[in-house]
Amino acid sequence: MTAPGNGLQLKIEGVSKRYFVRRGQPPIQALERIDLTVRTGEFVSLLGPSGCGKSTLLNIVAGFQQPSEGRVLHNGEPIMRPDRRRTVVFQDYALFPWMTVQQNVEFGLKAQGMDPGSRAVIARDFIARVHLSGFEDRYPHEISGGMKQRASIARALVPNPDVVLMDEPFGALDAQTRVLLQEEVARLSADTGKTVVFVTHSIEEAVFLADRVVVMTTRPGRIRSQVEVKLPRPRVPEMRYDAWFIQTVQQLWQSLKPDWQERSDSDAKARH
Amino acid sequence: MATRLRGVVGFFGFIAIWQALASLGVVNSFLLPSPLVVAGAVIDLTVDGSLGRHVLASLERVFVGFLVAAAIGILLGLVTGWSRSTSDVLKPIVEALRPIPPIAWTPIAILWFGVGNAPSYFLVFIGAVFPVFVNTFTAVRGIDRSQINAALCLGAGPSLLLRDVLIPASLPIIFPGLRIGLGIGWMCVVAAELIAAESGLGYMIQQNRVLLQTPNVVAGMVTIGVIGFGMSALMGLFERRVIGWSQSTR
Ligand SMILES: Nc1ncnc2c1ncn2[C@@H]1O[C@H](COP(=O)(O)OP(=O)(O)O)[C@@H](O)[C@H]1O
Ligand SMILES: [Mg+2]
Numbered sequence: 025m026t027a028p029g030n031g032l033q034l035k036i037e038g039v040s041k042r043y044f045v046r047r048g049q050p051p052i053q054a055l056e057r058i059d060l061t062v063r064t065g066e067f068v069s070l071l072g073p074s075g076c077g078k079s080t081l082l083n084i085v086a087g088f089q090q091p092s093e094g095r096v097l098h099n100g101e102p103i104m105r106p107d108r109r110r111t112v113v114f115q116d117y118a119l120f121p122w123m124t125v126q127q128n129v130e131f132g133l134k135a136q137g138m139d140p141g142s143r144a145v146i147a148r149d150f151i152a153r154v155h156l157s158g159f160e161d162r163y164p165h166e167i168s169g170g171m172k173q174r175a176s177i178a179r180a181l182v183p184n185p186d187v188v189l190m191d192e193p194f195g196a197l198d199a200q201t202r203v204l205l206q207e208e209v210a211r212l213s214a215d216t217g218k219t220v221v222f223v224t225h226s227i228e229e230a231v232f233l234a235d236r237v238v239v240m241t242t243r244p245g246r247i248r249s250q251v252e253v254k255l256p257r258p259r260v261p262e263m264r265y266d267a268w269f270i271q272t273v274q275q276l277w278q279s280l281k282p283d284w285q286e287r288s289d290s291d292a293k294a295r296h
Numbered sequence: 002m003a004t005r006l007r008g009v010v011g012f013f014g015f016i017a018i019w020q021a022l023a024s025l026g027v028v029n030s031f032l033l034p035s036p037l038v039v040a041g042a043v044i045d046l047t048v049d050g051s052l053g054r055h056v057l058a059s060l061e062r063v064f065v066g067f068l069v070a071a072a073i074g075i076l077l078g079l080v081t082g083w084s085r086s087t088s089d090v091l092k093p094i095v096e097a098l099r100p101i102p103p104i105a106w107t108p109i110a111i112l113w114f115g116v117g118n119a120p121s122y123f124l125v126f127i128g129a130v131f132p133v134f135v136n137t138f139t140a141v142r143g144i145d146r147s148q149i150n151a152a153l154c155l156g157a158g159p160s161l162l163l164r165d166v167l168i169p170a171s172l173p174i175i176f177p178g179l180r181i182g183l184g185i186g187w188m189c190v191v192a193a194e195l196i197a198a199e200s201g202l203g204y205m206i207q208q209n210r211v212l213l214q215t216p217n218v219v220a221g222m223v224t225i226g227v228i229g230f231g232m233s234a235l236m237g238l239f240e241r242r243v244i245g246w247s248q249s250t251r
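In order, the protein sequence lines correspond to chains A and B.
For the first sequence, position 102 matches number 126 in our numbering, and the numbering has no gaps at all.
For the second sequence, position 98 matches number 99 in our numbering, and the numbering has no gaps at all.
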């Protein structure tokens with residue numbers, strides 16, 4: 025287990041991203057000069073309105089996309105492509121529908137060439153840790169959204185990555201399931217001590233889970249402010265009633281409101 | 002089950018009307034023999050062994066041509082679906098060849114391969130390869146990007162990515178392509194045998210037309226229909242076994 029603050033895990037240096045959509049049209053500036061560091065074992069929430077470039081930044085950190093400018097270092101080495109030291113939990117789960125829960129969770133070990141016997145044992149252990157025991161042989165279409173996301177979290181933890189990247193993992197779930205899974209992630213991240221970058225547009229979720237909340241502006245995404253969350257870990261449900269927690273969520277909301285209001289106004293205009 | 006029952010009713014209704022038209026003399030029995038006469042012809046041809054021989058010859062041809070078409074169609078579909086530069090090169094060629102009906106290839110097939118099995122293999126291949134290719138290509142292009150990304154970040158190399166992700170993700174769309182390809186291949190083999198073979202159901206029909214044996218001609222047609230129906234049903238069964246995981250999402 026690694027205590028937070030031991031060392032530097034991720035260093036994002038001057039990252040910009042432009043998307044060239046159509047010839048002759050100006051490119052979409054999704055990210056503009058992002059500088060951010062994440063310490064080993066730290067849980068960082070990336071908070072921002074939708075369309076501000078959170079997924080783009082996460083995909084660049086994962087190695088799925090390259091930045092237009094700048095670079096990202098993982099343990100001091102530039103990230104060129106995805107590798108199993110940084111695994112991802114997707115909003116739409118991205119489970120393989122032709123594999124059972126067990127086979128999905130084993131996938132990262134199979135990719136390492138581990139023999140079937142050993143990987144079955146390890147996968148079953150992780151399935152138990154996300155409370156899915158008994159559902160090993162189900163296919164993704166046979167289980168609920170919350171269970172799918174549990175399976176996908178287990179799948180991401182199994183290869184023992186340095187960093188887990190989560191992109192609005194609970195965005196498609198109902199409110200109750202969402203709260204339950206937040207508590208699950210709080211427990212797992214405290215247990216495993218993994219570095220986590222967690223993208224969300226929910227202020228409460230960001231503050232509840234993270235050691236540090238990084239707030240982004242509307243497009244082009246820049247870092248607007250950062251809030252250290254002093255609550256001890258593991259986070260437990262009672263902390264949602266903590267005076268500091270409530271006040272921090274409220275203050276963040278007050279400061280973000282103009283940005284997000286403008287966003288939903290322009291969305292509304294676009295619809296009309 | 003109601004669907005199946007209605008299917009059976011429809012089928013026997015069709016036979017009954019056909020029989021009635023023939024018995025009442027509404028249609029000329031030389032031009033369209035009645036179902037009973039056709040059934041008699043099927044029995045005679047079966048007993049003297051000629052029908053079995055022709056069926057086996059046709060099946061062997063469709064089987065060989067279809068296997069080659071499936072292998073090449075899937076391979077090319079996977080490669081062009083994955084690599085944009087390959088598809089930029091190959092797509093225009095495929096799109097130019099695809100509208101040529103397989104029948105139009107028959108003269109050149111006879112010129113190239115003479116008479117026998119080879120032109121049939123070739124025509125079945127031409128008929129079956131395009132649906133397989135197009136479906137495989139479409140399937141690979143349509144794969145959910147985040148499933149590929151998930152595999153990559155979990156450390157999958159190229160061979161595991163192909164075997165455990167790209168191929169299974171594409172199968173639900175590849176299979177209908179195979180089914181359509183086999184159906185077209187079956188039509189092509191008969192068409193090829195009408196002119197370019199000395200055995201097979203197409204050849205049998207052609208011979209009997211020359212001999213003015215209409216019941217045998219229709220018996221051949223019925224056999225073609227029954228076998229085509231059976232092949233399609235078998236493919237459907239196989240398909241449900243292999244891609245059962247995708248059934249409920251349809
Ligand atoms: N592949 C792409 N091509 C063009 N524009 C894109 C692409 N991906 C994202 N964008 C645009 O970049 C901006 C940021 O997108 P994204 O990173 O998905 O935001 P978020 O995850 O915060 O909602 C959006 O305006 C989006 O439309
Ligand atoms: Mg997003």
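No wet-lab data here; the hints were simulated from the structure.
Just so it is clear, the structure is predicted and the values come from calculations on it, not from any experiment.
One or more hints might be untrue.
[To be verified] If you want the footprint, here are the derived chain A segments under chain B, 3+ residues with CB under 8 Å: (1) 84 to 92; (2) 112 to 118; (3) 197 to 206.
Cβ atoms here follow ideal geometry from the backbone N, Cα and C, with glycine treated the same way.
Evaluation of the provided hints:
1. 84 to 92: Contact hint for the stretch 84 to 92 of chain A vs chain B: holds, 3 residues under 8 Å.
2. 112 to 118: holds (count 4)
3. 197 to 206: violated (count 0)
Taken one by one, the earlier hints fail for this structure only at number 3.
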